[in-house]
Amino acid sequence: MIKRFLHRVWNSVTAVALAALVCAGVLALAVGAGALLGYPPIHLADLWLRGAAGSWYALSSSCADACPLLLTGLAAGVAFRAGVLNIGAQGQFLLGALVAVALSTRMMIFHQADLVIPTALIGGAVAGGLWGLVAQYLERYRSVPVVLSTILLNFVALYLAQAALQGPLQALGTAAAQSPEVAGKYWLPLFVPYTDFHIGIILALGLAVLLWVVQQHTTFGFETRVVGLNPGTAKAMKMPVTIRQFQIMFISGACAGLGGAIQLLGQVHFMTAHMGNYGYAGIAVALLGRLNPLGIILSALFFGFLDTGAFRAEESSLALPHDMANVIKAVVILVMLVLAGLSLRRARRAGRDTPMPPTPPTQESTL
Amino acid sequence: MTPSHNMFTFLSRQAVTAATPMILAGVGELVGELSGVINIGIEGTMLMGCIAAYTVTGVSGHGTVGLLAAIAAGMVMAVIFAAASVWGRADQIVAGTAMDLLGMGLSGMVWMMYQNWRENLGFSTALLHGSGFSPVPIPVLHDIAYLGPVLFDQYALCYITICLCVMTWWVLHRTRLGLIICALGDAPEACHAAGVRVRLGRSLCLLFAGASSGAAGAYLSIMQTHAFATNMTGGQGFVVLALVIFGRWKLPGLIGGCLFFGLINSLQQTLQTARYTSQNTALHALTHVPFQFFQMLPYLAAIMALAIMSRKAPGPRYINVPWPEAKT
Chain L
1 MIKRFLHRVW NSVTAVALAA LVCAGVLALA VGAGALLGYP PIHLADLWLR GAAGSWYALS
61 SSCADACPLL LTGLAAGVAF RAGVLNIGAQ GQFLLGALVA VALSTRMMIF HQADLVIPTA
121 LIGGAVAGGL WGLVAQYLER YRSVPVVLST ILLNFVALYL AQAALQGPLQ ALGTAAAQSP
181 EVAGKYWLPL FVPYTDFHIG IILALGLAVL LWVVQQHTTF GFETRVVGLN PGTAKAMKMP
241 VTIRQFQIMF ISGACAGLGG AIQLLGQVHF MTAHMGNYGY AGIAVALLGR LNPLGIILSA
301 LFFGFLDTGA FRAEESSLAL PHDMANVIKA VVILVMLVLA GLSLRRARRA GRDTPMPPTP
361 PTQESTL
Chain G
1 MTPSHNMFTF LSRQAVTAAT PMILAGVGEL VGELSGVINI GIEGTMLMGC IAAYTVTGVS
61 GHGTVGLLAA IAAGMVMAVI FAAASVWGRA DQIVAGTAMD LLGMGLSGMV WMMYQNWREN
121 LGFSTALLHG SGFSPVPIPV LHDIAYLGPV LFDQYALCYI TICLCVMTWW VLHRTRLGLI
181 ICALGDAPEA CHAAGVRVRL GRSLCLLFAG ASSGAAGAYL SIMQTHAFAT NMTGGQGFVV
241 LALVIFGRWK LPGLIGGCLF FGLINSLQQT LQTARYTSQN TALHALTHVP FQFFQMLPYL
301 AAIMALAIMS RKAPGPRYIN VPWPEAKT
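In order, the protein sequences belong to chains L and G.
1 is the number of the first residue of the first sequence in our numbering; add one for each residue after it.
1 is the number of the first residue of the second sequence in our numbering; add one for each residue after it.
Because the hints were derived from the structure by calculation, they are not lab data.
Note that the Cβ used here is the ideal one computed from N, Cα and C, for glycine as well.
One or more of the hints may lead you astray.
As the list claims (entries may be wrong) - Facing chain L, a subset of chain G residues (Cβ under 8 Å, in silico): (1) M75; (2) V79; (3) A90; (4) A95; (5) G108; (6) L283; (7) T287; (8) P290; (9) Q295.
Whole structure, please, built from the sequences with the hints as guidance.
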């Protein structure tokens, strides 16, 4: 039992090691590209590293930036594992933040921090989950592919959030789509004073571990993985495929919504409709972590460090374009994908009888 | 001419103007999907087209050079995507998402560097001054009563798009090449047996898709607006994806969907202003509706249309199945 457990951990470790190798390569590439564009490479690397991890404060702001990425990464990872292609984490994230801001600036329950914070977090998660269920309903009963409906619903959520932020949730004395600031007593408490280490980070880490245990060690997790690999097999084994897909979609959306709520109460404290591209970046995070919740923790931390470092380099005299971080993310995804494809081919060459992830060309599963 | 007639002509013209880039990108996407590759990354490709067209036009002063640059940029994006998804066997949805991130990041980065560079040299980068395109009315045809202003008083790329649609339809339905393209997505084994190189064929289809998406980006930046803004495509690339399915992988259906979307979009823009000026009480009552609900309308319409129409949509059977297939 313990040996099998260790074996599982070892598998995760090798996956992470591969990812780390790719990251190191890409980072070297980024500094090289920076040098080509005329930024002094040593200075750039130094600035980047010190901005991301040079002090307790830098370290904490990297971790705080990794926190929403971890949750949207989990949202994508959990869903992709079960074959539910939820690209809608961005919209679910926004709605989670929206409900959290409503519950912490307009409808505070008894004005007690002990009640307001949990209800805001849970409300955000539920809102994200329900928004995800809309897409799954459209897939199951109206045969609209989840990939498309979630993308379109992202825009609907964006305009919904803007309408709310210029309507009932707007701050006094501003014309912009912006909510009032959340009162200080409803902020997520810090566990290291004078830094950005808020308890949302611990919550997210705990959730990742929990999801890993559920995915690897429960019947529910096993069934969702089978549903993801081959819905036909799952059906033949009398697994409740539809119910599992709906449940996974709710969990996935809830992760993203919780990410929005935590980002709002823990980090930014007031809401605009431009809360960053965390939803889309979450897909990259999940892939870099190879859809394994423990891997996703590390890849979210990596992306958090990347973003924070790039942000500091942008603020500095070097004025590095901040979008560089996005480019690096894209390159990471593409490299990881091709590596995964190549390892698949190598496995095929090694043994013809190795079971492969089946790709049945049926009408339902083509998208 | 009655005012309502005028309004109708105006709306139709706006719809065609707004639908042109979506049709252009959609034709490419359609060909790509028929050959068995779904490219979620057209949003990113269009953005690269936007920035390439804008910067090159700004530097060279010639809109045509900018358009060619946009096409080239789109093709480069297509090469990267084909390398990952067709030759590298990556999941097409995920690789496409990566292309979106790449396009968003790279276009924003290039834009910032271009601004720094040009403004240091003392040029303004806010607008193109005279080197962009403006609508080209076709001499005789634009005097026809309704069709004239709607179809024949558009940008040059709109006419090219019409020709491209006709040509693509003819190739797909009347030639051996079209048969091969459809077979690449429906029966790759048959293609392989007939001596057609499946992966090469798919790559070429993607190259065509990239070129047309790049041109669609150029339409947005150097024709419609004469400006660039980060993420200026605003999700049009994603909407195109939905519209290809909405049109059930048929060209006329796709064009109809794009025009429908364009019409709803121009309608909502007109309604947003008309509700304040109109004497009509029903219209005036709409002033209490937040304008974001109007902006939401096209996306809601797309979802509704998909929900109603997409039943039993017979797509290409081998979408997102890499070739050669993994044997179990």
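Going through the hints against the structure:
1. M75: Given a least distance of 17 Å, the restraint on M75/G is violated.
2. V79: Violated, because the Cβ-Cβ distance from V79/G to chain L comes to roughly 12 Å (cut-off 8 Å).
3. A90: Holds - the Cβ of A90/G comes within 8 Å of chain L, reaching about 4 Å at its closest.
4. A95: Status holds, d = 6 Å.
5. G108: Where the cut-off is 8 Å and the nearest Cβ of chain L is about 4 Å from G108/G, the hint holds.
6. L283: violated, 20 Å
7. T287: violated, 14 Å
8. P290: Interface hint status for P290/G: holds (4 Å vs cutoff 8 Å).
9. Q295: holds, 5 Å
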